[in-house]
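A.B. asks: The lines below spell out each chain.
Protein chains: 2
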Amino acid sequence: MEYSEINRIFEEHDKYTILTHKSPDGDTLGCGFGLCYFLRDMGKQANVLNSDGFPERYGFMYADYEPQEFESEYVIAVDIADPQLLGGGLAQYQQEGMVDLSIDHHISNKLFAAKNHVEGDASAAALILYNIMKESGRRISDLTAKCLYTGIATDTGCFKYENTTPQAHIAAAELMAYNIDYANVNRKMFDVKSRGRIEIEQIVTGRMEYFFGGQCSMIVLTKKLVEDSGVDPAEFDGLASVPLSVEGVKIGITVKQRHENVYKISVRTTDEMDASAFCRRFDGGGHIRAAGCEIHGTLEEVKQKLLEEVEKALENG
Amino acid sequence: MEYSEINRIFEEHDKYTILTHKSPDGDTLGCGFGLCYFLRDMGKQANVLNSDGFPERYGFMYADYEPQEFESEYVIAVDIADPQLLGGGLAQYQQEGMVDLSIDHHISNKLFAAKNHVEGDASAAALILYNIMKESGRRISDLTAKCLYTGIATDTGCFKYENTTPQAHIAAAELMAYNIDYANVNRKMFDVKSRGRIEIEQIVTGRMEYFFGGQCSMIVLTKKLVEDSGVDPAEFDGLASVPLSVEGVKIGITVKQRHENVYKISVRTTDEMDASAFCRRFDGGGHIRAAGCEIHGTLEEVKQKLLEEVEKALENG
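Residue numbers (the working numbering), protein chains in the order written: chain A, 5 to 321; chain B, 5 to 321.
For the record, the hints were derived by calculation from the structure and aren't laboratory data.
Hints may contain errors.
Note: identical chains are not told apart, hence a pair may lie in one copy or across any two.
As the list claims (entries may be wrong) - The calculated lysine-lysine pairs, modelled on DSBU-like cross-linking and capped at a C-alpha distance of 30 Å, are: (1) K268 x K197; (2) K192 x K307; (3) K309 x K114; (4) K138 x K19; (5) K228 x K197.
Fair warning: this is a prediction, and the values are worked out from it, not measured in the lab.
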């Protein structure tokens with residue numbers, strides 16, 4: 005879609021419902037609240053919905069947000085590739101025909117809305133939304149700018165990852181012209197960890213094992229370890245990058261127990277190894293630097309199978 | 005100085021020595037090697053010097069670098085605010101009149117060179133150097149671009165900190181037009197830690213203490229702890245940001261033993277507290293979010309003095 009067509013939609017209706025994805029991140033919420041404030045500044049009514057509520061760490065986006073009472077005319081999904089990602093709390097919107105417009109940057113987008121605007125090469129959905137708002141010629145408020153910056157920054161790991169584009173940097177440069185307190189946003193998004201998360205990182209790094217002269221590192225998360233830690237199991241998500249953060253490691257492996265004798269394996273590699281090829285040996289797959297598979301057996305058997313393949317891969321690589 | 009004047013200097017001479025600062029970081033080395041390759045590409049001779057040698061983690065900058073043999077005609081210091089920062093290995097250049105040109109972004113620059121180009125508001129010295137090179141109209145090689153990107157990224161914490169400017173983002177966007185493999189650079193610069201460092205973070209987070217309902221956190225590094233760890237004491241630098249990385253903490257304090265009954269205190273605060281005002285109570289000082297002081301007494305006395313002031317500050321704040 006042309007940006008002007010999307011802006012015409014923002015003009016044409018009066019009462020908007022904006023849907024964000026479950027387990028919300030900075031991009032979906034940055035889009036949700038950024039668009040909500042933009043529409044309200046146009047004199048429209050708009051609300052942001054999320055199946056799981058709004059996490060406290062994004063509080064700076066919704067500190068003064070109040071839901072408005074109105075009968076919705078137009079439903080917009082932001083940063084949502086698949087209606088399943090709306091979550092149970094927004095199940096009614098998963099039915100066909102419920103979403104009028106989808107704005108997203110996932111190439112895998114299911115095109116589930118009546119109108120779909122997908123830019124698969126955009127670093128973040130918030131970057132698309134920013135470009136749409138620019139096209140409108142309307143003033144963007146500081147708070148909207150802050151929400152959009154947060155979306156771009158969080159989806160690129162603060163401009164660190166492969167998916168960072170020149171366009172993402174240029175948008176950040178332009179958004180810094182607003183009063184967005186980006187350093188504080190970035191501190192909250194990237195430097196602050198919960199006590200539970202810190203405890204867990206402490207546990208797993210303390211138990212990290214090294215193999216092949218430190219070229220391979222491994223953390224093992226058994227059900228017992230998770231339970232004994234007394235920490236919210238959700239805090240154990242996203243640990244897969246930890247083993248590869250050690251200097252000299254080429255392949256970092258996270259072994260997470262699913263059930264008795266069933267282990268989920270996450271593999272991360274530097275540019276010296278192919279994680280996807282490694283996981284294909286165990287009927288898994290993924291990306292060249294991040295892949296996964298499932299292996300059955302006792303923990304010792306699983307570790308031995310993995311290390312045998314690591315040894316071969318290191319010899320070949 | 006005008007950029008054109010600096011480019012005339014790059015034209016006028018044939019044999020350049022480039023000085024970088026001791027305990028080198030990504031900015032000084034990014035400038036050093038970036039400028040060296042730029043000059044060599046112009047058909048000049050150029051070498052990069054450092055008092056401490058070039059750390060392995062910056063190896064991607066100098067993998068194919070070979071020192072050239074020549075009698076130097078012109079000496080350039082990059083990212084060096086004070087000749088003291090040249091270090092003992094480059095002591096001969098600390099004498100007056102030894103440095104012909106200094107290119108730097110520290111407002112505190114001592115203007116020690118014959119010609120000084122200082123832009124105190126630049127995020128990184130590498131950003132200044134990039135702008136100089138752009139003015140020349142000459143082609144910048146991929147490797148030069150990669151060195152300059154590294155300088156800008158490292159000095160801004162990957163575009164995370166307060167000192168990140170729109171200009172830094174725009175330069176990054178432009179440098180991404182070269183083949184710089186920025187994601188891999190960023191991984192090496194920001195995600196990879198030595199095993200010693202990981203061990204230490206594990207030790208200090210495991211011993212982190214929380215006070216006032218988690219609003220204050222404290223780590224204590226005694227000489228004994230450092231010695232018993234068996235880890236290179238240099239790995240203990242830069243831990244001051246760790247206590248503030250915990251959710252809910254407003255003031256993070258690092259207590260490091262200097263001598264018997266002498267402790268160096270590093271204080272980091274969120275925007276809810278003033279670190280500088282806090283440290284002034286102990287005749288220290290610094291910036292609003294990062295400050296320091298020294299307190300004498302037994303460890304228990306030092307901690308109690310600190311906590312009394314934290315309590316007052318929390319009550320007032």
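A.B. asks: Hint by hint, say whether it matches the structure.
C.D. replies: Structure-based check of all given hints:
For the identical chains of this complex, K268 and K197 are neighbours both inside a copy (25 Å) and across copies (25 Å), given an alpha-carbon limit of 30 Å. In the homo-oligomer, the alpha carbons of K192 and K307 lie at most 30 Å apart only across protomers (27 Å), although the nearest pairing inside one protomer, at 36 Å, exceeds that limit. Proximity of K309 and K114 under a CA criterion of 30 Å is satisfied in neither setting, with 37 Å inside one chain copy and 60 Å between copies. Only within a single protomer do K138 and K19 lie at most 30 Å apart by alpha-carbon distance; the minimum there is 22 Å, versus 49 Å between protomers.
For the homomeric pair K228 and K197, the shortest alpha-carbon distances inside one copy (23 Å) and between copies (28 Å) are both at most 30 Å.
When each numbered hint is compared with the structure, a violation occurs for hint 3 only.
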